[in-house]
Amino acid sequence: MQKQASLHHHLSSREESTLSQAIKNVSFELNHKEYGLPQSVLINPIDIQFHPSEYGILDHYSVVKEIYRVQLSPTIITLTTHNETNLRVIRKTIMKDKLVSETQHAYARRECTIHSQLKHENIVELYDYTESEKEFVLLMEYCNDANYFYDKIEERLTPIMNQQKLQSFACDILQGLDYCHGQGVIHSDMKLQNALLERPDQEEAEAGELPIVKLCDFGLSHIMTQEYGGSKSMMVERCGTGGYIAPEVGSKNSIIGPEIDMWAFGVMLYEMCTAYKPTKLTNYRYGSGPIPFRDRDWRKHNKQIKDLIVQCLEMDPAKRIQSDEALQHPWFSEEVA
Numbered sequence: 049m050q051k052q053a054s055l056h057h058h059l060s061s062r063e064e065s066t067l068s069q070a071i072k073n074v075s076f077e078l079n080h081k082e083y084g085l086p087q088s089v090l091i092n093p094i095d096i097q098f099h100p101s102e103y104g105i106l107d108h109y110s111v112v113k114e115i116y117r118v119q120l121s122p123t124i125i126t127l128t129t130h131n132e133t134n135l136r137v138i139r140k141t142i143m144k145d146k147l148v149s150e151t152q153h154a155y156a157r158r159e160c161t162i163h164s165q166l167k168h169e170n171i172v173e174l175y176d177y178t179e180s181e182k183e184f185v186l187l188m189e190y191c192n193d194a195n196y197f198y199d200k201i202e203e204r205l206t207p208i209m210n211q212q213k214l215q216s217f218a219c220d221i222l223q224g225l226d227y228c229h230g231q232g233v234i235h236s237d238m239k240l241q242n243a244l245l246e247r248p249d250q251e252e253a254e255a256g257e258l259p260i261v262k263l264c265d266f267g268l269s270h271i272m273t274q275e276y277g278g279s280k281s282m283m284v285e286r287c288g289t290g291g292y293i294a295p296e297v298g299s300k301n302s303i304i305g306p307e308i309d310m311w312a313f314g315v316m317l318y319e320m321c322t323a324y325k326p327t328k329l330t331n332y333r334y335g336s337g338p339i340p341f342r343d344r345d346w347r348k349h350n351k352q353i354k355d356l357i358v359q360c361l362e363m364d365p366a367k368r369i370q371s372d373e374a375l376q377h378p379w380f381s382e383e384v385a
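Residue numbers (our numbering): 49 to 385.
A couple of the hints might just be wrong.
Stated by the list, open to error - In silico PhoX-like links for lysine-lysine, alpha-carbon gap of 20 angstroms or less: (1) K213 x K200; (2) K213 x K367; (3) K280 x K367; (4) K348 x K367.
Claimed, not checked - Taking CB as the label site, the calculated pair distances span: (5) G298 x G256: 39 to 49 angstroms; (6) D199 x V111: 21 to 31 angstroms; (7) R286 x T129: 37 to 47 angstroms.
FYI, nobody ran anything at the bench for these hints, they're computed from the structure.
Computed from a predicted structure; not experimentally measured.
Ideal Cβ positions, reconstructed from N, Cα and C, are used throughout, including at glycine.
Using the sequences and the hints given, assemble the complete structure.
Put into structure tokens, the structure is as follows:
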């Protein structure tokens, strides 16, 4: 498989200090007892400042078009260009007046802080972020086919049958997750909409370069803390997206680990292969037991990919495959046309 070399190089990068250790050095101004939130949720507002970079301040960007705005949502997504370089940049604005609780404010601040410290090929880069009295603003990397998975699978209900593409996409997602987990970060909202595609230009594609999948949206992410053994965190309120939430996540105060991301990844891979989530299966109650595989939808897929999905969708999180283990799964070593 073409991406396997970079995969093994990535697995040797665990010498980096974890993000959770770095977060411990932050002084927390918010009183976590007052809001009933663990320190893993709260980031000091004074740490959210403008961070100068080569891409400049907000005034240096021109709006191309608005991509997303929903009346009740605090989030606005806009495509912009940097005036001097013509670089396309995504601007994510979070309106404070639509954040209904201090918990949501804490999540917005935490998104800025966590995302800014994650630097990896398979994670959308955060160029800059700032906070004003009215809003949080994040300036992020633009992906030229960002809606590929949503459009193909959820809108057109078309599964991905090309095994090389499936291997490549799954490898990219796992590498991004493995990096996050190595840095002490649990994404907590993995889904197809949060996996964006960057296609190579024509010359690169003709040379055999494959598209790259990049993870985005760390608005619900959690930090693993020593408070919960160094590999877990507290999810105060149930969060995530229906159909991707691991069965061990309760309504509130759930102790979670990277296993919830691996469950969601298993659902994503299942959905790539079939164009539907397991929640769409009749006579199956989601989270009640092992997820069924309808033979007519799987007979054309490699048996190894099914085995990987089964290990991701293990009901017991202690037995669920981890990201580094998944990257070593035999499916990735198989040569496909």
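Index of numbered hints that the structure contradicts, given in increasing order: Of the numbered hints given earlier, those the structure breaks are 2 and 4, listed in rising order.
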